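Chain order of the listed sequences is B and U.
Numbering follows numbering that gives the first Met the number 0, with no gaps: position 132 of the first sequence is 131.
Numbering follows numbering that gives the first Met the number 0, with no gaps: position 257 of the second sequence is 256.
Careful: at least some of the hints might be erroneous.
What the hints assert, rightly or not - DEER-style ranges, computed between Cβ atoms: (1) D347/B / F156/U: 54 to 62 angstroms; (2) A422/B / L14/U: 36 to 44 angstroms; (3) T143/U / S294/B: 29 to 37 angstroms.
Stated by the list, open to error - For lysine to aspartate or glutamate, the following DMTMM-like pairs were computed, each having C-alpha atoms within a straight-line distance of at most 20 angstroms: (4) K224/U / E68/B; (5) K272/B / D188/B; (6) K297/B / D69/U; (7) K246/B / D268/B; (8) K272/B / E175/U; (9) K423/B / D212/B; (10) K246/B / D188/B; (11) K224/U / D373/B; (12) K72/B / D69/U; (13) K178/B / D276/B; (14) K246/B / D177/B; (15) K72/B / D93/B; (16) K173/B / E189/B; (17) K297/B / D312/B; (18) K233/B / D398/B.
Keep in mind the hints are simulated off the structure, nothing from the lab.
Treat the numbers as computed from the prediction; the structure is a model and nothing was measured.
Virtual Cβ for every residue (Gly too), placed ideally from N, Cα, C.
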Amino acid sequence: MKTSHRHGLRRLVAVGAAVTAASVLLAACGGSDKTATSSGQAQGSPDAVNAALEKGGTITYWSWTPSAEAQVKAFEQAYPNVKVNYVNAGTGNDQYTKLQNVIKAGSGAPDVAQIEYQALPQFALPGSLVDLRQYGFDSFQSAYTPSTWTAVHAGDGLFGLPQDSGPMALFYNKEVFDKYGLTVPKTWDEYVAQAKKLHTADPKKYLTNDTGDAGFATSMIWQAGGKPFSTSGKNVTINLQDAGTQKWTGVWNQLVTGGLLANIPGWSDEWFKALGDGTIASLSVGAWMPGVLESSVKGGAGKWRVAPLPSYDGQPATAENGGSTESVLKQSANPALAAGFVRWLNHDGGVKPFLASGGFPSTTADLADPAFLDKKSTYFGGQQINQVLTSAAGSVVKDWSYLPFQLYANSIFGDTVGKSYQAKTDLDAGLKAWQDALVSYGNQQGFQVNG
Amino acid sequence: MSTTSPLRPRRSPLLTGLMILYLAYTLIPLLWLFLSATKTQGDLLSSPGLWFGHRFALFANIRDTLTYNDGIFLRWLGNTLLYVVVGAGGATLLATAAGYGLAKYKFKGRRAVFAVLLGAVAVPGTALAVPTFLMFSHLGLTNTVWAIIIPSLVSPFGLYLMWVYASDAIPHDLLEAARIDGAGEVRIFFTVALRLLAPGIVTVLLFAVVSTWNNYFLPLIMLSKPNLYPLTVGLTQWSNQATGVGARPIYNLVITGSLLTIVPLVVAFLLLQRFWQSGLTAGSVKQ
Chain B
0 MKTSHRHGLR RLVAVGAAVT AASVLLAACG GSDKTATSSG QAQGSPDAVN
50 AALEKGGTIT YWSWTPSAEA QVKAFEQAYP NVKVNYVNAG TGNDQYTKLQ
100 NVIKAGSGAP DVAQIEYQAL PQFALPGSLV DLRQYGFDSF QSAYTPSTWT
150 AVHAGDGLFG LPQDSGPMAL FYNKEVFDKY GLTVPKTWDE YVAQAKKLHT
200 ADPKKYLTND TGDAGFATSM IWQAGGKPFS TSGKNVTINL QDAGTQKWTG
250 VWNQLVTGGL LANIPGWSDE WFKALGDGTI ASLSVGAWMP GVLESSVKGG
300 AGKWRVAPLP SYDGQPATAE NGGSTESVLK QSANPALAAG FVRWLNHDGG
350 VKPFLASGGF PSTTADLADP AFLDKKSTYF GGQQINQVLT SAAGSVVKDW
400 SYLPFQLYAN SIFGDTVGKS YQAKTDLDAG LKAWQDALVS YGNQQGFQVN
450 G
Chain U
0 MSTTSPLRPR RSPLLTGLMI LYLAYTLIPL LWLFLSATKT QGDLLSSPGL
50 WFGHRFALFA NIRDTLTYND GIFLRWLGNT LLYVVVGAGG ATLLATAAGY
100 GLAKYKFKGR RAVFAVLLGA VAVPGTALAV PTFLMFSHLG LTNTVWAIII
150 PSLVSPFGLY LMWVYASDAI PHDLLEAARI DGAGEVRIFF TVALRLLAPG
200 IVTVLLFAVV STWNNYFLPL IMLSKPNLYP LTVGLTQWSN QATGVGARPI
250 YNLVITGSLL TIVPLVVAFL LLQRFWQSGL TAGSVKQ
């Protein structure tokens with residue numbers, strides 16, 4: 000008895016020692032990341048970009064944009080000396096995980112990567128991206144809508160050129176609206192009234208779905224005039240109870256607590272199905288949605304229409320929802336060439352192939368193009384949808400900014416605000432829990448967070 | 000259970016019922032997978048989950064899965080096979096040799112090895128993925144097949160299992176006899192020990208094959224070139240195409256691909272299950 004007990008104890012100590020050794024090893028590996036080349040950066044110039052494109056070379060490009068392959072082909076034709084290794088390294092978060100790892104490892108990053116607007120501060124502020132002002136790209140300002148131009152900035156720096164934009168609009172199923180005598184709402188109060196009317200008439204149908212989506216919630220707060228996140232250097236302020244946020248929860252709480260939202264997560268196969276069969280009668284979503292509906296919700300052809308997003312006072316106001324930029328990574332061995340590729344992608348020849356794949360432009364010239372504006376969409380019953388969507392692009396509420404750790408914030412949205420959705424209770428309580436978690440995370444990450 | 004005959008317990012309707020429930024619980028997802036793989040993308044979204052759609056599109060789906068994106072699925076299948084054959088095969092070989100050595104030779108530091116081994120079993124591979132990535136990145140091995148194969152070669156649990164199994168399955172006297180007959184240690188290992196260890200080896204091999212076949216997080220982190228992906232990461236990438244700006248859902252191909260992905264595993268289990276069963280109880284009874 001006694002010996003075996005001692006025996007066991009000794010073994011335990013040995014195991015403990017082994018585990019400790021392993022964790023020390025881990026810590027050593029984790030701590031050896033290099034953050035070199037953060038300051039001493041060679042100054043570029045517009046001429047350097049042209050010279051690099053002429054001279055040629057090889058760059059790697061990470062993107063999940065459907066048009067990426069066609070764009071790369073067209074680019075290599077225009078600049079035969081340049082070879083672009085196109086890699087689809089994953090959609091959204093998958094790619095960001097990889098990007099963060101290679102940045103931490105100090106090597107292996109692509110020269111150019113697609114980054115969503117909401118994720119840009121997270122990569123730009125720690126100094127992982129190249130400020131494109133040195134190549135004179137700040138002179139392109141007038142070519143883009145104000146909201147996307149703001150979105151490619153972090154602090155004072157310019158960290159990409161806008162690829163697309165997603166001003167929100169109300170997409171609705173006219174067949175369902177007609178059948179149940181719903182009117183297209185101009186204000187959110189009217190919207191709530193329609194939601195009640197529809198769900199009462201047919202308990203299987205919902206005006207919209209929302210199971211708690213961080214991208215949607217932040218866009219809605221943005222539209223309501225909320226500015227919950229602000230960053231200045233290492234100082235971050237989080238206030239998810241400001242006037243704008245409360246304006247949004249004032250409306251959305253009625254839908255959540257009233258059980259008026261379909262419990263169908265966005266982008267699931269059930270969701271695509273519900274968009275086709277009328278279970279979900281409307282969506283408040285970015286202007287890039289028509290392409291998705293046309294290609295993937297065949298059952299909705301001819302039924303869907305677009306209207307301006309409802310607002311709080313009936314005056315046009317909207318927010319951006321989704322959209323990406325292409326950025327040059329600091330690790331790039333040839334940043335001038337990479338910048339030249341970005342310039343071609345989102346300012347010159349790359350824009351047309353992108354639009355051909357169904358993307359919504361961020362370039363003012365394309366938005367004003369009569370051929371684009373007046374195009375009638377058969378999917379939308381012949382409606383000139385781009386007129387509605389372009390006017391939305393001009394009424395985006397100003398001065399929004401995302402957190403420098405927005406990806407983490409989005410990943411814990413479900414654990415905090417999502418609980419309010421599931422329990423059908425006050426969203427403000429969930430937002431508060433979200434804020435608390437974000438404040439403590441931000442402080443751990445070395446920010447000074449007020450909230 | 001039964002007082003009369005302990006070897007032939009009476010049939011219990013309750014247990015039979017529970018087993019049927021459990022069987023349904025295990026088989027319904029497989030049935031769903033098969034039925035869904037017979038549907039077109041449109042039918043998938045408009046027909047009930049546990050019955051056929053309007054069109055039987057299984058063969059069209061298989062063809063599309065194998066040809067989508069220039070047949071990248073076959074490439075992924077080949078990658079998975081490579082990782083499994085080299086990774087899981089190597090892991091089994093190493094675990095067998097090391098387990099035998101630890102069980103049958105007395106040497107200094109055996110206890111320390113045991114302690115480290117137990118510690119290694121306790122640390123989940125997922126937790127080590129990011130540190131391993133950083134280490135491999137310094138070595139310039141990320142984005143190569145070695146980034147998947149080398150970590151797969153290490154199987155602490157397999158080693159532990161082989162150690163325990165070898166301790167019981169190979170009598171010391173037998174080794175003594177072989178030595179007296181003049182056989183060298185290497186020859187003893189290959190001609191005597193390996194045969195006795197066969198059930199254990201199959202068990203470890205199956206464990207290693209399953210874990211390498213299903214390996215997701217490590218390749219997700221290590222690889223950013225789609226033509227090196229194994230099936231798990233590739234199918235996830237297809238599935239994620241259905242999200243956000245420019246979404247192109249191909250759920251029918253994701254599902255058909257998943258069905259094709261599990262077929263080899265099912266076959267491996269059916270062929271090796273009797274070894275698997277005998278190996279599972281290895282070391283649980285002391286003789």
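Status of the hints after comparison with the structure:
Range check, D347/B to F156/U: about 56 angstroms between beta-carbon atoms, so the 54 to 62 angstroms window is met. A422/B and L14/U have their C-beta atoms about 39 angstroms apart, which keeps the hinted 36 to 44 angstroms range intact. In this structure, T143/U and S294/B meet the distance hint of 29 to 37 angstroms, their C-beta atoms being roughly 36 angstroms apart. For the suggested pair K224/U and E68/B, the alpha carbons sit about 15 angstroms apart, so the restraint of at most 20 angstroms is met.
For the suggested pair K272/B and D188/B, the alpha carbons sit about 28 angstroms apart, so the restraint of at most 20 angstroms is broken. For the hint pairing K297/B with D69/U, the CA-to-CA distance comes to about 25 angstroms; that exceeds 20 angstroms, so the pair is violated. Our distance criterion of 20 angstroms between C-alpha atoms is broken by K246/B and D268/B, whose separation comes to about 32 angstroms. Taking the CA atoms of K272/B and E175/U, the gap is near 70 angstroms; set against the 20 angstroms cutoff, the hint is violated.
Among the hinted pairs, K423/B with D212/B is consistent with the structure: their alpha-carbon atoms are about 15 angstroms apart, no more than 20 angstroms. Between K246/B and D188/B, the direct Cα distance comes to roughly 11 angstroms. Compliance with the 20 angstroms bound is thereby established for this hinted pair. Taking the CA atoms of K224/U and D373/B, the gap is near 41 angstroms; set against the 20 angstroms cutoff, the hint is violated. For a cut-off of 20 angstroms, the pair hint linking K72/B to D69/U stands: about 16 angstroms separates their Cα positions.
Of the supplied pair hints, the one linking K178/B and D276/B holds, its CA atoms being roughly 13 angstroms apart against a limit of 20 angstroms. About 29 angstroms separates the Cα atoms of K246/B and D177/B, which puts this hinted pair outside 20 angstroms; it is violated. The straight-line distance between the Cα atoms of K72/B and D93/B is roughly 25 angstroms, outside the 20 angstroms bound, and the hint therefore fails. Under the criterion of a C-alpha separation no larger than 20 angstroms, the hint pairing K173/B with E189/B is consistent with the structure, at around 16 angstroms.
Distance hint between K297/B and D312/B is unfulfilled; the C-alpha atoms sit about 35 angstroms from each other, more than 20 angstroms. Annotation: proposed proximity of K233/B to D398/B holds, straight-line Cα distance about 19 angstroms (limit 20 angstroms).
Against the hints set out earlier in the document, violations occur for numbers 5, 6, 7, 8, 11, 14, 15 and 17.
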